[in-house]
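S.K.: Chain by chain, the residues:
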Amino acid sequence: MKVVDARANRPQYLPETASQTAGPYVHIGLAPGAAGFRIFDRELGWDIAGPNAAGERIRVEGVVIDGTGSPVKDVLIEVWQANAAGIYAHPEAGGAVEEGFRGWGRVITDFETGEWGFDTVKPGPVGARARMVSGVSQRVRDSHPDWQGRAQEDSIPMAPHLNLWIVARGINIGLNTRMYFDDEGPANATDPVLNLIEWERRRATLIAKRTLRDGRPVYRFDIRLQGEDETVFFDV
Amino acid sequence: MTPAEYYQRDRRIHPPALTPDYKTSVARSPRFSLISLQGSMSEITGPTFGHGDISPIDNDLIKNYAKDGDPIGERIIVHGRVLDENARPVPDTLVEVWQANAGGRYRHKKDSYLAPIDPNFGGCGRTITDADGYYFFRTIKPGAYPWRNWVNNWRPAHIHVSVFGHAFCQRLITQLYFEGDPLIPICPIVQTVPDPEAIDRLTAKLDMNATVPLDSIAYRFDIVLRGRRSTMFENRLEGN
Ligand SMILES: [Fe+3]
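Respectively, the protein sequence lines represent chains A and B. For the first sequence, the residue numbers in the UniProt record's numbering are 1 to 236. For the second sequence, the residue numbers in the UniProt record's numbering are 1 to 240.
Derived by calculation from the structure, the hints in this document are not laboratory data. Computed from a prediction, not measured in an experiment: that's the story for all the values here. Treat the hints with care, since some could be wrong.
[To be verified] Ranges of calculated distance between the beta carbons of each label pair, as one might list FRET restraints:
| # | chain 1 | residue 1 | chain 2 | residue 2 | range |
| --- | --- | --- | --- | --- | --- |
| 1 | B | Ala131 | A | Ser70 | 44 to 50 Å |
| 2 | A | Phe111 | B | Asp70 | 29 to 35 Å |
| 3 | A | Ala204 | B | Met208 | 53 to 59 Å |
| 4 | B | Asn149 | A | Arg201 | 34 to 40 Å |
| 5 | A | Glu43 | B | Arg220 | 27 to 33 Å |
The beta-carbon is built from N, C-alpha and C at its ideal position, and this holds for glycine as well.
Bound conformation, chain A alone:
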C-alpha cells in the first residue's frame, strides 16, 4: 500500500526569533558616538532626508515619559518615512525618491534631560489598504473623490505621518507608533489608521503640535508609555 505523507507537501515554517530588550547600552551598537567613542567611519541614520529632498524642512522634538512621569533618558528611536511625494525609499514603493533620500533615521536622547530631536522633511500622504478600515472606508473614499495616489485600486490615502520604533532598557519588544501633524486636520480626520482607534481621545496622542522657532517649523511630540494619555502603540 502506498503511504502518502501529507506533511511532505506542507510548507515548513520557522518561528520568528524572540525579541529581547535593547538594554541600557544600545548606543554602543547603534550610535557609538553617543556611548562616548569613535569607531566607524560613518554612523548610520543621522541624516534622514539628505540634501536634495523636496518639501518643507521641519524639526521634530519630544521626550519619552515613563509610568512615573519621568523622562526616559536612554531611549533610542528609529524613524521611517516617505518623502514629500508620499514615496518610500524602497524598491517596492512604486516610485523613485530624491538622490540621498533614505527616509530612515536614528535618534537618541540627551542623557541628562531625555529630550530628543531630529531634522527631516515633512512627508506626503501614502496609500493604505481599503480593508484596513472596513467601517470607515466608504466615508473615507467618498471624501476623496479625486484621490489618485499611486493609484492602486484598493488604496485610500493615509495622512502624512512618520513611523517610529522605540527601544530601550525595560522595553522587551520595540514599540511601534506613528506621528501625525496637527496642521493636517482634514487629512487626519479621514486617516484610516487614526480612525481605527476606537477611542477618539486617544487619537490625539499621535498628533504633533506645530510651532515656529526662528521662522522654522518645529513639531512637538511627547510619547507617554503609560498613564491616561498613554500613546497609542501598534501591532504592525
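Chain A is fixed; fit chain B with the ligand onto it per the hints.
M.R.: Frame of chain A; chain B with the ligand shown alone:
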C-alpha cells in the same frame, strides 16, 4: 496593487511588555492593548543598506578597535543565516552587534562596573548578509556581568543583535546567549521570553566545523525574521 503583507507577529513567543521580574519593564510597559494594524506601504517597506554604508573591517571586533594589540579574551566566531518564517534567506540586510568585553565591561560612559575597559576592544560591529542570508562576526567572548534588579543578578554572557530585514515591520533587536551557560535559566531578562523553545533558539550552538584550528572557537546563530504572504498573481501564488 499594494505589495504583500507580512505574517502577523506571534506574540506568544515574544516577551510581553510587562514582566515584573525584570523590574525596569514595570514603568516602561504600555498598559493598553496594541492597536492591530494591517500592513500598509508604511509597514511593508523599510530602509535599505549597502556596502557603501559600512567598512569591510566592521565585522571583526578583534581588529576594528585594536590600538596596540588584540583584545584580551576567548577568540570566537559567531556566524549563521538570517532567514524568514518561510525558511527563505534574507539577503542584503544589515546586522549590528554590541557586547561587553571579556571581563563583562561595556565601553559606555554609563557603565561603571569595576571590571576594566579593554583598550583594544570597542564592542560593536556590523555587517550585511550575503545572497544566502549568511553573516559572520569575529569577536571576543563577552563576560557575564552583574546588574541591579534583585540584589545579586548576573547577566549570562550575551551579544546584543539588531536586524532590519526588508520591511520596517520586520525590525528586531534580540540577544544571543551561549550554549551551556548556567546563568541562562536564572536571568530575569532571558526569562521574559515565555516559550522555553524560543529561549533555546536564542542560544548559539558550539559549531566545531566552523572553528579555526589553533585560533578561534565558533558558535552558530541563525536569526528568523517575519515571513511574508504570497500574493495572487494571475491566479497563482507568486513567490512560493
Ligand atoms: Fe548587555
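S.K.: Which of the listed hints are broken here?
M.R.: none
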